[in-house]
Structures are given as C-alpha cells and as structure tokens.
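Undergrad: Here's the letter readout for the chains.
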Amino acid sequence: MAQNDFKLAWRKLLKNKGFTFLNIIGLTLGFAGFILSYQYINRETSFDKWNPNYKEIYQVGLETEGAFTDETSPSLAPLLKQNLPNIVYAGRKIVYNYGSYPLFGEKTVLIKNAALIDSSAARIFQVENANGPLYKNKDQKDATMVKSPIAQQLFKKEDLTFDSPHSIPSMSLDLGMREMIYGTIKKQDLSMIDYDLLFIREPQDLFADNNPFLYQTFIQVRPGTDIAKLTDQINTIYHKEIAPKDKIRSSAYAKGKIYLDPLANLHLRPKTGSNTPYIMTWIIGILSLLILLLASANFANMIMAQADQRLKELALKKILGSSRWAIVRQLLLEVFILTSSAAVLSFITLALTGNILQRWFNDDLRSYILSSETIIQLCVAVLLTTILSAIYPAIVLSGFKSVNLLKGGLSSILKKGTFRNALLTFQISMAILFISGMLVIRAQLQYMQHTDKGFEPAQVVNFKGVGMYYNKNTYDQLKRRLENDPSIEAVASATNIPGEGEQPPKMEFSYAQKNISFAHVGIDLGYFKTLNIPNLQGNINLSMDQLLHDSLSNYAVINESAAKSLGLSNPIGAKISGCDANFEIVGLVKDSKAYGFENAVQPTLYSFKNECGSMRIQTTLMVKTRSGMVDQAIDAVRKEWTKNTSAKDLPLDYSFMDQQYALQHKKQQELRIAFNSFASLSVIIAALGLFSMAAYQAALRKKEMSIRKVLGASAQLLFVQLNKPFFRLFLIGIGIALPLAYLLMDKWLSNFAYHVNIQWWSFLIPIFCIFILILISISFQSLKVARTNPVDSLRDE
Amino acid sequence: MIQLKHLFKWYNVGGTRSFVLKDVSLDIAEGDFISIMGPSGSGKSTLLNIIGMLDEPDEGEYIFMDENVLEMKAKKRSQLYQSHIGYVFQAYHLLDELTVYENIETPLIYKDISSKERKAIVADMLDRFGIVGKKDLFPAQLSGGQQQIVGIARALAGSPKLLLADEPTGNLNSKQGEEIMELFKQLNDDGVTIIQVTHSEKNAEYGKRIVNMLDGQLK
Chain A
1 MAQNDFKLAW RKLLKNKGFT FLNIIGLTLG FAGFILSYQY INRETSFDKW
51 NPNYKEIYQV GLETEGAFTD ETSPSLAPLL KQNLPNIVYA GRKIVYNYGS
101 YPLFGEKTVL IKNAALIDSS AARIFQVENA NGPLYKNKDQ KDATMVKSPI
151 AQQLFKKEDL TFDSPHSIPS MSLDLGMREM IYGTIKKQDL SMIDYDLLFI
201 REPQDLFADN NPFLYQTFIQ VRPGTDIAKL TDQINTIYHK EIAPKDKIRS
251 SAYAKGKIYL DPLANLHLRP KTGSNTPYIM TWIIGILSLL ILLLASANFA
301 NMIMAQADQR LKELALKKIL GSSRWAIVRQ LLLEVFILTS SAAVLSFITL
351 ALTGNILQRW FNDDLRSYIL SSETIIQLCV AVLLTTILSA IYPAIVLSGF
401 KSVNLLKGGL SSILKKGTFR NALLTFQISM AILFISGMLV IRAQLQYMQH
451 TDKGFEPAQV VNFKGVGMYY NKNTYDQLKR RLENDPSIEA VASATNIPGE
501 GEQPPKMEFS YAQKNISFAH VGIDLGYFKT LNIPNLQGNI NLSMDQLLHD
551 SLSNYAVINE SAAKSLGLSN PIGAKISGCD ANFEIVGLVK DSKAYGFENA
601 VQPTLYSFKN ECGSMRIQTT LMVKTRSGMV DQAIDAVRKE WTKNTSAKDL
651 PLDYSFMDQQ YALQHKKQQE LRIAFNSFAS LSVIIAALGL FSMAAYQAAL
701 RKKEMSIRKV LGASAQLLFV QLNKPFFRLF LIGIGIALPL AYLLMDKWLS
751 NFAYHVNIQW WSFLIPIFCI FILILISISF QSLKVARTNP VDSLRDE
Chain B
1 MIQLKHLFKW YNVGGTRSFV LKDVSLDIAE GDFISIMGPS GSGKSTLLNI
51 IGMLDEPDEG EYIFMDENVL EMKAKKRSQL YQSHIGYVFQ AYHLLDELTV
101 YENIETPLIY KDISSKERKA IVADMLDRFG IVGKKDLFPA QLSGGQQQIV
151 GIARALAGSP KLLLADEPTG NLNSKQGEEI MELFKQLNDD GVTIIQVTHS
201 EKNAEYGKRI VNMLDGQLK
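Sequence order for the protein chains is A and B.
Going by the numbering used here, the residue at position 430 of the first sequence is 430; the numbering climbs one at a time, nothing skipped.
Going by the numbering used here, the residue at position 66 of the second sequence is 66; the numbering climbs one at a time, nothing skipped.
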C-alpha cells in the first residue's frame with residue numbers, strides 16, 4: 001500500500017513539473033533565509049554563555065544624568081573585593097588604545113587587538129593558558145599570552161611548547177623594551193575577552209589613588225546575591241573612597257551612581273554602548289520568522305490550490321473504498337516529499353554558498369550552518385510545514401460528499417476559500433512592508449553617508465600609534481615638517497579621533513555659578529583645519545607664538561551645543577573653569593557628528609594643553625592630504641617614520657578616516673543587507689503565490705469565463721472580472737502593510753538622533769511594484785482564458 | 001436481494017419542499033437485470049446513488065441482503081458496499097495518473113487483498129475484457145470505449161454481486177455502446193445483478209425488466 005502511495009505521489013509531482021518546481025524553490029528560499037538568520041542570532045547570543053558562572057558576572061559602571069560610562073578607577077576592584085563578602089572575584093580590564101602594539105619576534109607582528117587584564121579578571125572570564133596553568137609558581141607575577149596564530153609567527157617551532165616563558169622585544173627596538181610571553185591563549189567559545197595579545201598583570205598603582213588610567217571593572221558574585229543591595233553597597237564605597245579623589249573629581253561621573261550590568265547584556269546591549277546589536281538580533285529574528293511563515297503559507301496555498309483541482313480524483317478514491325485516512329496519508333506524503341526536497345536543497349545551497357556568504361556576514365558562518373542544530377531546525381520546519389499545508393486540504397476535502405464532488409457541484413463552495421485569501425493577503429502585505437522598509441533604510445544610510453557631518457573625513461589618513469614614538473617637542477617638529485610637504489594640507493593629533501568609536505570623557509565645568517558637563521577633547525593647533533570643522537565665531541587658529549606667549553592661560557574652543565547649554569549666543573571671551581584650570585573661550589565651531597548619527601552631538605570643549613586627562617596621549621596622527629595625492633602623503637610620512645630610530649623596524653599602521661567612520665554604522669549596513677535580501681525573498685515568494693493563485697482561479701472559473709464569453713463579454717471585461725478578487729486582496733494588503741510599515745520605520749529611525757523623514761514614495765514604489773506584479777500574473781492567465789474556445793469548457797453539461 | 005420501501009428525498013427550497021424521490025418502493029431479486037428509464041430530472045440517478053449507498057434518503061427503508069442499510073454504522077456500510085457493489089459511471093472517472101492495470105487494481109488495494117491475489121484477479125480481468133496489451137497505458141491514451149471497458153473491469157474486479165451503471169453508454173458511439181451492452185448481458189447470464197439507468201430504449205431492451213420514473217415517482 002505504501003509503495004502504491006509513493007508511486008502515485010511521485011507521478012503526481014512529475015506531472016505538474018512546473019508547479020512542483022516553483023513550490024520547492026519558494027520553500028527552499030524560505031528555509032535558507034530562516035537558517036541564515038537563526039544562526040546569526042544563535043551566534044550573537046552565545047557570547048560567554050559557556051562560562052559556568054555566566055549568571056553571576058557583572059560589569060560595574062557609573063551613570064549620571066542619563067549617560068553611562070564603564071570607565072572606573074583601578075582602585076575600585078580591590079576595594080570591592082576587600083569589603084564585600086558577596087564578591088568572589090573583582091577584576092579589571094583596559095584595552096590598549098594607542099594604535100598597534102608591535103612585537104619583534106621571528107617575524108614582526110603588529111598587534112591590533114591588545115588588552116590588559118588582572119588575574120581576577122582572567123579567573124572571571126575563564127582565560128586559560130593552552131600550555132599549562134596560568135601561574136606556574138608563586139613568584140610569577142605576569143601571565144601574558146598571545147593567540148596561537150600570532151605565537152606561530154613570533155616564535156620558533158620548538159619554543160611553542162612554552163616550557164619556560166619567552167621574552168621578545170616590543171614597542172620599539174631602540175628603547176630596548178621587552179615583553180615576556182608565558183604561553184598561547186587557550187581557544188574558548190565566543191567571548192568578550194577576545195584579544196590577540198593579552199597582558200595579564202596587576203595594574204601598577206604607580207600613582208596610588210591618582211592613577212589616571214581608567215579601567216573596566218568586572219565582578220563575579222556568589223550565587224543568590226541580592227543585586228540591588230550589592231549595588232547600593234558598591235555605590236556607598238565608591239562615593240566614600242574614590243569619588244573625592246583628584247582626577248575623578250573633575251569627571252562628571254563623580255556625582256553619579258553605580259550600576260551593575262549583567263554579562264548577558266554586555267555583548268549586545270551594554271549600557272555604555274549602543275543597543276543596536278540587540279535590536280538587530282530581534283529584527284532579524286522576527287524577519288526570518290516572517291519569511292518562513294511566508295514561504296510556508298505560500299506553499300500551503302499552492303498545495304491547496306492543487307488539491308482542489310484533484311477533487312474528482314479524491315472523490316473517486318473514496319467511492320472506490322478508500323478510507324479518509326488513506327486519502328489524508330496520500331496528501332501528507334506528497335507534501336512531505338516536497339518539503340523534504342526543499343529542506344535538502346536549502347541545506348545544500350547554504351553549504352555550497354557558505355564561503356560567499358561568509359564574506360558578508362561573519363567568518364565562522366559555515367561551521368555554524370553545517371552543525372547538527374541546523375539539521376534539527378530543518379527537520380522541525382519540514383514537519384511543521386507539512387502539517388500546515390496538508391492538514392487543511394486533507395481534512396476539509398475528504399469530508400465532502402463524494403458524489404457531489406464527481407459532478408463538480410462543489411466548486412461554488414470552494415470559491416470562498418477565506419483561508420487561502422488570507423494567506424495571499426498576508427504575502428502581499430509582507431512584500432509591501434519589506435520593500436518600503438528597504439527603501440527607508442537605504443534613504444537613511446545614504447543620508448548618513450552624504451549629509452554634512454560638520455567635519456570632513458575624506459582625504460584624512462590616520463596614522464596609528466605614531467605619537468608614542470615622539471616626545472612633545474619632536475612631535476610638534478614632525479608636524480611642522482609634514483605640513484611643508486606639498487602633498488599634505490594639514491596635520492593634527494587629538495585625544496579623540498572621529499570614527500574611532502570611543503566617546504570623549506564628560507568632565508565637570510562651572511560657569512557663572514552653574515555646573516555643566518561637557519565632553520572634553522584635547523587638541524593641537526592643526527585640529528580644526530585637518531578635519532575641516534567650520535569656524536563660526538572667534539579665532540580658532542591660534543598661532544604657536546600666542547600659545548607659547550600665554551603659557552599661563554588656558555584657551556578653549558567650544559561647539560554650538562556647548563554654547564547653547566551655556567545659554568550664550570556669543571561665547572567668545574567667556575570664562576569657564578574645570579579640570580583644575582580656568583579657560584577662556586576663544587572660538588566657536590560647528591557641531592560635528594564625529595561619533596555617528598545615533599547619538600546627538602555632545603556639548604564639547606576643545607583645549608590646547610590637554611588639561612583634562614594627561615594619560616590620554618594623542619597617539620594618532622591625522623594627516624589631511626591634498627586631493628589626488630594620498631600616496632605621496634603616505635610616502636612622506638613613511639620617510640619621516642623610518643628616520644625615527646625609536647620606531648626602528650616598525651611598520652607604519654594607517655587607515656582612512658572615512659572608512660573608519662563608515663564602520664561605525666557597520667551594524668546598520670548589515671541591517672540593510674538583511675533587509676534587501678528579505679525584501680527580494682518576499683517579493684519572489686509573493687510572486688510565486690500570486691502566479692499560482694491566478695492559475696488556480698483561472699482554472700476554477702474557466703466555466704464561468706466561457707459562459708461570459710458566449711454571452712458577449714470582451715477580452716478586457718474578462719480581464720477585469722478575473723482581476724477583481726485579487727485587487728480587493730491587494731487593497732486590504734495595503735491597508736495592513738502601510739500603517740505597520742510606517743510605525744516600524746518610524747521607531748527604527750527614532751534610534752538616530754539625526755535621521756531622514758519618511759517620504760511618501762517609500763510607500764508608493766512598493767505599492768506600484770506589487771500592482772505590476774499582480775497585473776502580470778493575471779494577464780498571463782486571462783490571456784489564456786480569453787483564447788480558449790468556450791465550447792471546450794462547457795462540454796460536460 | 002434489495003428491498004426499497006417508501007423512499008423519500010427532498011430539497012428545501014425557500015420554505016417549500018422540492019421532491020427528488022416521492023414514495024419510491026421497489027424490490028429487486030438476485031440475478032435481475034433492471035433498466036431504470038425516465039426523462040431528465042426524474043430522479044433516476046438519485047435512486048441509483050441510494051441503492052449504491054453513495055447517498056441517503058430522507059425517509060424510507062433500504063434492505064440489502066436482509067440487512068437494514070440505513071441503520072448501519074458508516075463503517076459497516078462501506079464494508080458492505082465494498083464487497084458487494086460495483087459502480088460504473090457515465091464519465092468513466094478513471095484515475096489519470098494510474099495505468100490501466102493500476103486502475104483496475106485500486107479497489108482491490110482498499111480491500112486489503114494480498115499482492116499475489118491482486119495480480120491474479122487483475123490479470124483475469126484484463127484477459128476477460130481483451131485489454132491485456134493495454135495494461136500499461138494511461139487513460140489518456142485510450143479511446144472512450146476502451147476507457148469505459150476499463151471502468152467496467154474496475155467495477156467488476158471485486159467480484160460484486162450487484163453492478164450499478166449510470167448511463168454507461170452515454171459517451172460512446174452506437175457500435176461501442178452495443179459492445180458494452182452485450183458485455184452486460186453476458187455478465188447477467190453469469191449471475192451478476194445489474195441495475196442500469198439509461199435514456200436509450202435500445203439499451204433498455206437488453207434488460208429483463210424496465211422501470212419508468214417521472215418526477216421522482218415510479219410509473
């Protein structure tokens with residue numbers, strides 16, 4: 001019996017090759033889209049999940065006036081461990097921000113990704129040495145490690161066992177500095193602590209409580225600790241012991257409150273960062289589910305349409321003695337064959353194109369796809385789709401009176417098909433939704449790329465780490481020499497570089513008895529020229545002489561937002577104090593969206609003597625090149641670089657500011673790609689659905705159309721008749737999609753402090769496209785109907 | 001074999017009843033060959049459907065081989081139907097994606113007959129109707145007459161006691177129709193009870209008895 005069923009099912013599928021093909025393709029696309037999205041979500045939410053103490057780890061930060069920072073004093077962690085018994089470990093971390101860290105081994109390696117953690121942090125994050133224990137004996141103070149591929153470049157093969165630690169020159173051959181490497185970092189699953197070079201040592205309290213370096217603080221608490229209570233306790237300790245101290249006092253956060261951010265949130269939505277990754281994960285999750293639903297709904301629709309055409313066959317089988325269950329089983333089998341083929345096809349497609357997709361998404365995409373989880377998900381999807389598609393037609397159809405079906409008297413009842421209409425409307429509205437979303441996202445991204453940012457990143461080359469190898473005098477001399485080069489327009493350095501992602505610190509200032517917090521950037525004389533930040537008032541281009549002359553004065557420049565918060569329309573000459581200095585404002589500049597479009601521009605104060613943070617070294621050299629002379633400019637810098645003995649054998653590390661800046665919106669770009677793919681998918685699926693529904697409707701109403709033709713209807717009238725039900729659905733689809741699209745897009749745009757307005761054509765274009773799509777599908781069918789001889793379909797009377 | 005007692009069937013049309021069958025009573029003995037004749041709309045097909053257990057009357061009794069059909073459970077009824085009754089349609093209604101062999105085999109599969117037995121029975125049928133050479137063809141490749149013969153073979157595969165035919169020669173030309181009716185006569189001589197619905201006087205003559213119907217009543 002099963003063999004017969006299978007034979008039947010196979011022949012049926014072969015008979016309608018076109019239909020079968022379309023069906024499978026639509027479903028395959030849906031499955032593939034779903035798998036891709038799901039693995040992305042899986043990956044993004046898996047960071048540190050493998051850590052056995054995942055739920056007990058928190059980051060300690062400060063908040064004030066709605067702003068958050070994760071920069072804390074290094075004294076905080078040991079204080080907490082000492083005083084709070086509920087804290088198992090308290091560790092610190094600081095990322096090496098001064099460009100690349102060079103290591104001179106067998107090969108010279110520029111480490112772009114380096115950080116320092118203490119032993120407690122290493123314990124918290126389960127950092128391990130692949131060659132043995134982290135600390136081999138009591139006297140070992142450091143446990144610095146590198147990643148395995150780096151180690152292979154730095155050391156001879158026989159040294160890779162790290163029986164004893166190896167010392168290699170670092171930073172600058174001239175200076176004779178060396179770094180002791182104790183082993184290779186043991187490979188763990190995805191984690192926040194992911195660095196090529198990991199210094200593991202206790203932060204030197206060189207400056208005791210005046211350590212100007214700010215670290216990230218992490219704690220691991222005992223299970224069952226009351227977090228709210230703990231937060232208060234930490235807050236008390238902070239305000240009693242740390243806030244009153246010097247450097248911290250100037251920071252706006254000294255008045256703030258402690259908060260604890262759980263490890264689970266740190267990758268996707270840390271309080272101090274943007275929560276865009278988190279939103280992205282949700283969006284992609286929902287989108288992929290929608291696509292899967294779309295594909296399944298489409299599939300179900302097509303199956304049902306086909307089933308209706310087979311009513312006679314089903315009725316006959318019943319008359320010949322088949323039980324209802326046998327008929328249902330037959331249908332289930334056919335559907336199952338189709339869905340499994342689609343699943344297999346999607347799996348193969350993904351496996352084959354994995355390499356290409358890796359370039360767009362993430363590097364370990366392929367291994368994620370080819371995992372057992374994917375296969376399980378596919379099986380579940382196949383099962384669900386089979387049930388969804390087969391149950392309705394199976395149960396409904398097999399319940400009707402067979403004899404009536406034979407005489408064809410049931411077509412009128414089936415014409416209603418509300419379920420099928422609902423599915424088609426769903427497909428249409430989703431397609432409209434996706435296309436309009438795609439257009440809005442595109443508009444916003446283009447806006448961010450092309451609109452006036454308040455500064456000009458194009459033509460600016462960032463040379464990382466250069467400042468480390470000069471002192472103040474030689475640095476200034478270098479800058480003068482470079483400015484004389486014909487290919488270079490201007491040169492500058494600063495404590496914060498636009499596009500590097502890090503926001504400048506907020507410091508407390510007072511003006512006219514009011515306390516205001518500004519972001520502070522330490523700059524040099526060439527800053528505004530290099531970045532092309534327009535000067536609005538006063539003189540921002542101080543001469544060297546003036547600075548030297550007034551060695552006791554502190555000059556500052558503020559931006560528009562700062563002036564607004566001061567309430568001054570002409571702030572030139574105003575006196576502001578902060579960071580233990582009295583500033584005189586000599587210039588007003590335009591707001592610059594240096595840190596992306598998501599956050600509004602902070603009121604900022606620029607000063608020339610870096611009063612507010614002596615450890616924020618201006619290591620990156622920004623060079624504005626003359627148009628078309630980028631290569632010459634880089635060569636000029638390189639020539640200077642090789643002349644510097646401290647930087648012997650050190651390669652020059654540079655990047656282009658506009659590319660770096662664009663990276664800030666990497667997540668948005670990813671969203672755009674995702675949306676584009678989903679939009680195309682949904683349109684294809686909707687097209688498939690429309691086409692098959694049109695074919696089905698035409699077949700169903702063949703008799704009616706023939707009668708109308710005989711009665712004298714013209715081809716146009718027939719066309720309109722056939723189209724009417726579709727356009728009704730189309731209008732309903734618009735009614736659902738438009739408000740939804742508007743709501744969603746509005747919400748997404750509100751994530752950006754600066755965004756485009758939703759244009760009416762973002763909705764008109766998708767409507768138009770779907771309209772054309774419907775027309776094409778219907779025209780195809782109605783042409784066929786218009787050409788058939790009415791006699792052929794009116795025969796059976 | 002069959003006793004129909006006071007069958008009524010009606011449709012409610014806006015309040016009033018429109019009768020398809022009005023007080024129909026009929027007795028059919030085993031080995032009978034009955035032709036039911038009447039103009040269109042007289043209820044012939046409905047009557048045939050009721051006899052064939054494909055439909056139910058609104059009132060009345062139906063005794064089939066001493067069992068009250070209308071009071072039977074649906075499962076028992078379909079079992080009864082499967083084992084004793086074969087149906088031949090006017091429009092053949094063959095399964096398009098099955099070969100001639102498989103079409104004839106289909107009712108046997110639903111009866112849970114073993115594969116070996118099925119082969120034997122189908123081979124027998126093919127032989128009897130002289131269509132052995134066509135066993136692997138699809139219905140689309142046969143002429144109307146040949147398709148009807150396959151339909152009859154299918155109806156007979158289960159060795160039914162009763163053969164019901166609804167206008168079996170309606171879609172055939174005169175020669176093909178004659179062949180079919182000769183076949184029926186032979187079957188009847190072999191002991192199969194046949195009830196046929198027909199328009200044609202000529203076809204009716206092949207039977208042993210003629211029953212006339214008009215407006216749902218026997219005349």
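Keep in mind that the hints were calculated from the coordinates and are not lab data.
This structure is a prediction, so every number in the text was calculated from the model and none was measured.
Mixed in with the good hints there might be a few duds.
Said to hold, decoys possible - Here are the computed distance ranges between Cβ atoms for each label pair: (1) B/11 to A/7: 37 to 43 Å; (2) B/56 to A/711: 47 to 53 Å; (3) B/67 to A/710: 48 to 54 Å.
Unchecked claim - SDA-like, lysine to any residue: derived pairs with alpha carbons at most 25 Å apart: (4) B/119 to A/81; (5) A/703 to B/99; (6) A/784 to A/712; (7) A/17 to B/167; (8) A/81 to A/43.
Claimed, not checked - Every beta carbon over 10 Å from chain B, so not counted as near; a handful from chain A, in silico: (9) 4; (10) 239; (11) 312; (12) 341; (13) 419; (14) 446.
Think of the CB as a built atom: it goes at the ideal place given N, C-alpha and C, for glycine as much as any other residue.
Undergrad: A separate judgement is required for each hint: does it hold in the structure or not?
TA: Okay, the hints, checked on the actual structure:
Hint check: residue 11 of chain B to residue 7 of chain A, Cβ distance near 41 Å, so the stated range 37 to 43 Å holds. A hinted range of 47 to 53 Å is violated for the C-beta pair residue 56 of chain B and residue 711 of chain A, which are about 38 Å apart. Between residue 67 of chain B and residue 710 of chain A the Cβ separation comes to about 50 Å, which falls inside the hinted range of 48 to 54 Å. Between residue 119 of chain B and residue 81 of chain A, the direct Cα distance comes to roughly 86 Å. Violation of the 25 Å bound is thereby established for this hinted pair.
For the hint linking residue 703 of chain A to residue 99 of chain B, the alpha-carbon distance of about 29 Å lies beyond 25 Å, and the restraint is violated. Restraint check for residue 784 of chain A and residue 712 of chain A: the C-alpha separation of about 17 Å stays at or below 25 Å, so the hint holds. As the CA atoms of residue 17 of chain A and residue 167 of chain B are separated by approximately 36 Å, the hinted pair breaks the 25 Å bound. Distance restraint check for residue 81 of chain A and residue 43 of chain A: the Cα-Cα separation of roughly 33 Å exceeds the 25 Å cut-off, and the hinted pair is therefore not satisfied.
Its closest Cβ contact with chain B, about 6 Å, brings residue 4 of chain A to no more than 10 Å, contrary to its assignment away from the interface. The claim that residue 239 of chain A is not at the interface with chain B holds, since no C-beta of that chain comes within 10 Å of its own (minimum 83 Å). In this structure residue 312 of chain A is not separated from chain B by more than 10 Å, as the shortest Cβ-Cβ distance comes to only about 7 Å. The claim that residue 341 of chain A is not at the interface with chain B holds, since no C-beta of that chain comes within 10 Å of its own (minimum 19 Å).
The non-interface label for residue 419 of chain A is consistent with chain B: the shortest C-beta to C-beta separation is roughly 27 Å, beyond 10 Å. Distance check on residue 446 of chain A: its Cβ is at least 54 Å (rounded) from any Cβ of chain B, clearing the 10 Å threshold; non-interface status holds.
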